[in-house]
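Heads up: the protein sequence lines correspond to chains A and B, in order. Counting in the numbering used here, the first sequence runs from 132 upward without gaps. Counting in the numbering used here, the second sequence runs from 12 upward without gaps.
For the record, the hints were derived by calculation from the structure and aren't laboratory data. Quick caveat: nothing in here was measured; it's all calculated off a predicted structure. Any given hint might turn out to be false.
Stated by the list, open to error - 20 Å max Cα-Cα, derived EDC-like pairs, lysine to aspartate or glutamate:
{"#": "1", "chain 1": "B", "residue 1": "272", "chain 2": "A", "residue 2": "275"}
{"#": "2", "chain 1": "B", "residue 1": "222", "chain 2": "B", "residue 2": "105"}
{"#": "3", "chain 1": "B", "residue 1": "568", "chain 2": "B", "residue 2": "505"}
{"#": "4", "chain 1": "B", "residue 1": "341", "chain 2": "B", "residue 2": "505"}
{"#": "5", "chain 1": "B", "residue 1": "222", "chain 2": "A", "residue 2": "222"}
{"#": "6", "chain 1": "A", "residue 1": "217", "chain 2": "B", "residue 2": "344"}
{"#": "7", "chain 1": "B", "residue 1": "215", "chain 2": "B", "residue 2": "505"}
{"#": "8", "chain 1": "A", "residue 1": "247", "chain 2": "A", "residue 2": "275"}
{"#": "9", "chain 1": "B", "residue 1": "615", "chain 2": "A", "residue 2": "255"}
{"#": "10", "chain 1": "B", "residue 1": "615", "chain 2": "A", "residue 2": "182"}
{"#": "11", "chain 1": "A", "residue 1": "217", "chain 2": "A", "residue 2": "275"}
{"#": "12", "chain 1": "B", "residue 1": "659", "chain 2": "B", "residue 2": "490"}
{"#": "13", "chain 1": "B", "residue 1": "568", "chain 2": "B", "residue 2": "681"}
{"#": "14", "chain 1": "B", "residue 1": "578", "chain 2": "B", "residue 2": "681"}
{"#": "15", "chain 1": "B", "residue 1": "719", "chain 2": "B", "residue 2": "575"}
{"#": "16", "chain 1": "B", "residue 1": "582", "chain 2": "B", "residue 2": "681"}
{"#": "17", "chain 1": "B", "residue 1": "222", "chain 2": "A", "residue 2": "223"}
{"#": "18", "chain 1": "A", "residue 1": "199", "chain 2": "A", "residue 2": "182"}
Unchecked claim - Here are some, though not all, of the chain B residues that point toward chain A, as calculated from beta-carbon distances under 10 Å:
{"#": "19", "residue": "229"}
{"#": "20", "residue": "241"}
{"#": "21", "residue": "303"}
{"#": "22", "residue": "307"}
{"#": "23", "residue": "328"}
{"#": "24", "residue": "331"}
{"#": "25", "residue": "452"}
{"#": "26", "residue": "680"}
For every residue, glycine included, the Cβ atom is placed at its ideal position computed from N, Cα and C.
The primary structure of each chain is shown beneath.
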Amino acid sequence: MVSFTVNDKRVSVEADPQTPLLWVIRDHLGLTGTKYGCGAALCGACTVHIDGVAARSCSVQVSALEGKKVTTIEGLSPTSSHPLQKAWIAEEVPQCGYCQSGQIMQAAELLAKNPKPSRAQIVEHMDGNICRCGTYHRIIAAIERASKEA
Amino acid sequence: MTIMERDVARQGPELSRRGVLAGLGGMTFCLALGTDGVDLLGDAEANTMANAQITPWVRIAPDGTVTIYSAGAEMGQGSMTSLALILAEELDADWSKVAIEFAPADADIYGYTFQNQKMMAIVGSRAVQLYYTNLRTAGAQVRKVLIANAAEKWGVDAASLRTEPGFVVNPATGARLGYGEIAAFGKVPATLPAVDAKELKAKKDFRLIGKTIPRRDTPLKVNGTAQYAIDVRLPGMVYATALHSPVHTGQPDGWNDAEIKAMPGVIATVRLTNGIGIVAQHFEQAMAARNALKATWNKGAAANYDSAKALEDYVKVHHDPNAQTTDIDKKGDANAAFANAAKTYRAEFRSDYGYHAQMEPLNAVVRIAESGDKAEVWEGSQAPDATRDEVAKALGLKPADVTMHQCYMGGGFGRRSLGDYAAECARIAKQVNRPVKLVWTREEDIAHGMFRPQSFQCVEAATDASGKIVGWRHCVVGDGATLLHTGIRPLYYEIPNQHIYRRGVSHGIRLKHWRAVGHVFNTFAIESLVDQMAADAGMDPIEFRFQRMSITPKARKCFEQVAEMCKWTDKRPDGRALGISVTERSGSLGAGVVEISLDRASGKIRVHEVWTAIDGGVIVTPGAATANVESAILYGLSSMLHERVTMKDGAVEQSNFHDYNLMRMSDLPEEMHVSFVDVDTRPTGLGEIGNPFIGGAISNAFYRLTGKRLRHMPFTPERVLETLKA
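Looking at chain B on its own, in the form it has when it is part of the complex:
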């Protein structure tokens, strides 16, 4: 196959970022992140550390261009821009002259410290909150160096100088020096100046943080030039796809190898630990061969797994005193609180598996050097450091011998942080000795998915004679260990006696983080029971929380703000009702309200309007922050109303978007209103906070409309009809 009209082909964007920086004049600032934060290293130190591959973080070219490396893996949430903006704020850079590049995959240099480990994983809404202080300090240090160089040149005291975006100015004389001009002559001291937290800008002095600053990747995403890993093309590259065991953890016994190898374009088949890789000249040929595979499988642990049946068995696990039990939180004496209660409440909830459904099917490109001792990988990864490590491991190389080229991600949602499919691509590339692009088909992406675990939950509450909640028990049952209990502690309520625990089982099903994961089903359960108690007390649900629960001030503020936004006490049109829920995630807190209607004939719930008030600390980029919350709201609506993975005989029953239903434009609420509480505290995570309140808010609105409670998410029309009949 040939390309006859070469002009049609678009040139790929520059892939080598280190190469771009090498050989330019100007000043380079390198960052090494110590255990206690960021330390900037000047040129001199950096040079002495050249063998350790210290890579520039900030570079100021003589033309004034400030290049900032961003560790914000970009999956749509905008933190590639936000992280660079935080540094640029304290540097007082001219934003129009700031260029942003992805930081290289090297956690020792670019990672943050989390639980005593250096990592770059952009998961759990961590990017802005974990890099915020470090990047501000780094920006302030660079600014100090620029001022010192200007002071020396002018022969004045550095303390008398100020900066304006991109310039050092002398207020006494009116003299000005551009950052680029300074870079042309400036020296970076061997030891960079220290910056005290008090020297950082006050919120009122921010020029960039909190302002309307567009994301940098937007223009590339309206004309097809944003480069995802799936778009990478290398000379001599061949295409691979894979068929994995339909039963999770199964392995291939054999397949019609001769027949497959005789198919057009097929170059090789590769035995993988849990599947079969097919390599061909073109992707469509690899896909055709995958579809023609007739494989037999050694079925593995999940062979007889039936998800619906397992979910029903969770009830027995809940009652089984010998089940594996892990305490998540114990406070006060829950048993005594229940024994002495004036009244107790108890409700059970269920949730199904959820699939990430990121729009870009999982893929990676790997090229191994002819010498075999170096390799490159292109992937859109939430954890570029993990990708580098996994590829190195797959090839028997050291991580330092693998170069990871970060790409834009066509969605992440927690799936893309393991480097697993990049490692698979590396194994295939090693077998065929050529650069390989591995793309999983959508069918593969679902069948071999890693899911938000299903769960059974029992939530109990005890009230005293005054009606205050004094006791709380919450048991979650399922597979997935810690994935099951994120969000299970109601951090927004201070209940004196509580016992929260998990009863774990193991199915051999692949599970993974998923946009707030456990928060989604746990918050649904918690907030449904609170609403039930409010109804039982004959009280307004917000007033109930304020009067009968020790609600935190932060949560109270969010409730007050959202109540005002939605005019909570106003009468709604006939057939409409409001429901409310609170949620927390990654340090942020939010309260949300939905207005719904119901088609009682079909069982279809329609969400018309959504309001949310969120305390996320200082909002670094309000546009992207709002978009993140809107996105999470719709992710929540989609998962609560439409999405469901089921398994029979250990295999996923859904295969593409005809039977794994995602929300479409016609399901969109008429209006969404997002607001942030105006505070001056450190930023907290905003990528997921919009999601977990949706389940409780919808089910509580449903109760107001029908007097019935939804107990099993997603609230599919069939389940709604069953609930109405019950």
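Just chain A, same shape as in the assembly:
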């Protein structure tokens, strides 16, 4: 059994130690906002924070989480009012929406470290997150907006 914190709640999970965190979050804990896209840390749809650091949950084994603090899209803000979430709505970023939890979690890490990123810094930080609908320019605009309004 592995015990850790998810969105400020203690959880204990009985799962094979090698189970990817992604499936623990989605299927064992029912937090389905974190998405499966590639299973190989290539697309970023499954991005969560582990102790504040963005991580691809499809490629982190649950055994590595003992005592750690995991934040998912559901835990980013209890009222969906994180500056990025508000900016995502204002810029009408999502289309199919499937990658957006991962995009927002990736962006949240950036703003936590660097509240006023340049466009180049945004692109560098976000380049591992694929959006097949092509909302990249709106993601940049939303991050810039959140950065200004936060």
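Based on the hints, put chain B in the right spot on chain A.
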């Protein structure tokens, strides 16, 4: 495995939509779509038709909430919102009180008529254009009923009353009745009032259409609550995944069944016609078992297929007089035009296979009732009616015994309209007698993909003594029948003598519609040759089209508008060049320009700026329309510069996003400019129109920059380097 902290689990959203509506007070309007459009049925008729499962389309609750069912399957394009908005416009509903629900999967009620068939498939940018008039009429009918009820209550002539959003008002007295208030006492007549087309609102009176109205699904997509089929969780549900024959059309001979069944959590293995299903307690266990499968396959038709070699063989097919030939368009006398030409032009083009790469890997959930005579399916489907039919067929049930719960789609792009993986899930669920969620891995999604076909094309043109284009020949060679020739007829040019035809082959490779599919490679070929002729004539490419081609007025307007947007004739910075192309799709027409630069050492093309002017008729939701075009532009850039599926020995060589390269943020143009031509004509499709002009525009810009022409898409750095050397 147990969940120790139950509070962490989020409650799933309400899955039963019919259930929500049942038992509420108020007025219900039902729609039956006849062959000639929508007929609204009042309560009385609906009640008499209860056994036929007529389902409400519009409901007005006493609290004023107007619930509208939307047949707009939502894959990111926004038509779930747009379709409801069209109805709400004519109903004069208060948009803040409109709730939208997915329409049930029942094409007899909610389908549109296409080629004499009722269907709900949201493909080919059809949603808004095919439902537009019907939904306006339906909204106007409901509004008339509300007015009639208010008139009766007030004892006045209905013709003297007006509506404001959510209210019927009497201008003479200032009296007002909310739609909810009317619903509480109102009666729906047995026969609903007719609405003449002239009674529909004029464009200038629209309150919702053409205004800045946000999509309804946006808030759910920033906090993880939007429900995709992959998120559905049912009591007692188990997880499945599948390994299909690596060679398309192959079948499993055998596999290490005992070893797989002994793996942790594995419940069952299921023989599928073209693969093996694995069922486990948890998805990660099913995935692990899939990875441990050692299967032998009966290889099927495509066993020795080599895509690169086949593409080269297409040249021979093109020259083979005995090849299977299908005429697509014959006009005038093309042979005579070429025989009498002052000058002729000829160019060959090639294109590779393309993969949809929707972000949500294909999946479905199926639950079969204990009695075995009913089933439910959850899927994100472009064609919920097809899903229902396919699941019913897989289970030996009637479609009416299958309930389809539509979900948001994590991208569609043409892949999700067959119900194939839902049917596969149903077969597995039947075997294991439990609710099953089937998820294909990304590797499976690619290996067992259905692709935009590869093609070889030969395009020829003939000019007369004045330099006008008088003859046109276009042959496309490949597999995929009609998929190959969408967009091959240049509807924006009126060429007097043309012969357009297909030479078909068959490889046994799975093919499918793909965001404008044939338009992508056909438009590339057409517009590259036109640009070549303009260069040969020493003319500006836009002027060439205006003077030497009979361009349609609609296309001319788009060219003029985009030329103005991009300041076409202005000098560009050193190392940059513009290229232009026109395109059409689903009734819409657009002209687009790209500005590119080239790294001659690496062969990497960079697109810096994109402009497009589109005639899409009345724009229902400008925000979503613009987003659709931007999306298609980037889909086009990604496919033209990066994406390529190849096959060896009948198997796909790519396996995930490390070798099937999608555009990333760092590849993004600095600016994209989308504009619509201001017209008052019926809306046409906008989901794909932004895509097909990209290939021609990039290759034409490349010519301006280098004097060389790109003839094989995608324009990968290797191909660019080869072209530069040639």
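Taking the hints in turn, this is what the structure says about them:
1. For a cut-off of 20 Å, the pair hint linking residue 272 of chain B to residue 275 of chain A is broken: about 52 Å separates their Cα positions.
2. With a C-alpha separation of about 14 Å, the suggested pair residue 222 of chain B and residue 105 of chain B falls inside the 20 Å cut-off, and the hint holds.
3. For the proposed pair residue 568 of chain B and residue 505 of chain B, the alpha carbon gap of about 15 Å is at most 20 Å, so the pair holds.
4. At roughly 13 Å between alpha-carbon atoms, residue 341 of chain B and residue 505 of chain B fall within 20 Å of each other, so this suggested pair holds.
5. Restraint check for residue 222 of chain B and residue 222 of chain A: the C-alpha separation of about 16 Å stays at or below 20 Å, so the hint holds.
6. At roughly 61 Å between alpha-carbon atoms, residue 217 of chain A and residue 344 of chain B are farther apart than 20 Å, so this suggested pair is violated.
7. For a cut-off of 20 Å, the pair hint linking residue 215 of chain B to residue 505 of chain B is broken: about 33 Å separates their Cα positions.
8. The hinted pair formed by residue 247 of chain A and residue 275 of chain A meets the criterion: a straight-line CA distance of about 8 Å does not exceed 20 Å.
9. About 19 Å separates the Cα atoms of residue 615 of chain B and residue 255 of chain A, which keeps this hinted pair within 20 Å; it holds.
10. At most 20 Å may separate the alpha-carbon atoms for a hinted pair to count; residue 615 of chain B and residue 182 of chain A exceed this at roughly 39 Å.
11. Straight-line distance between C-alpha atoms of residue 217 of chain A and residue 275 of chain A comes to about 12 Å, which keeps the hinted pair within the 20 Å bound.
12. For the hint linking residue 659 of chain B to residue 490 of chain B, the alpha-carbon distance of about 16 Å falls within 20 Å, and the restraint holds.
13. Proposed proximity of residue 568 of chain B and residue 681 of chain B is contradicted: the alpha carbons are some 26 Å apart, above 20 Å.
14. With a C-alpha separation of about 17 Å, the suggested pairing of residue 578 of chain B with residue 681 of chain B holds against the 20 Å cut-off.
15. This hinted pair does not check out: residue 719 of chain B and residue 575 of chain B have alpha carbons roughly 27 Å apart, beyond 20 Å.
16. This hinted pair checks out: residue 582 of chain B and residue 681 of chain B have alpha carbons roughly 18 Å apart, not beyond 20 Å.
17. Between the alpha carbons of residue 222 of chain B and residue 223 of chain A the distance comes to roughly 15 Å, so the proposed pair stays at or under 20 Å and holds.
18. Only pairs whose Cα atoms come within 20 Å are accepted, and residue 199 of chain A paired with residue 182 of chain A is accepted, the gap being roughly 6 Å.
19. At a threshold of 10 Å, the smallest CB-CB gap from residue 229 of chain B to chain A is about 6 Å, leaving the interface hint in force.
20. For residue 241 of chain B, the shortest C-beta to C-beta distance to chain A is roughly 7 Å, which falls under 10 Å, so the interface hint holds.
21. For the restraint placing residue 303 of chain B at the interface with chain A, the shortest Cβ-Cβ distance is roughly 14 Å, beyond the 10 Å limit, so the hint is violated.
22. For residue 307 of chain B, the interface hint is violated, the least distance from its beta-carbon to any beta-carbon of chain A being 25 Å, above 10 Å.
23. Hint status for residue 328 of chain B relative to chain A: violated, with the closest Cβ pair at about 33 Å, above 10 Å.
24. At about 38 Å, the closest approach between the beta carbon of residue 331 of chain B and any beta carbon in chain A exceeds 10 Å, and the interface hint on this residue is violated.
25. Given the 10 Å rule on beta carbons, the hint for residue 452 of chain B holds: about 6 Å separates it from the nearest Cβ of chain A.
26. At its closest, the beta carbon of residue 680 of chain B sits 8 Å from a beta carbon of chain A; the interface hint therefore holds under the 10 Å criterion.
In summary, the numbered hints that this structure violates are 1, 6, 7, 10, 13, 15, 21, 22, 23, 24.
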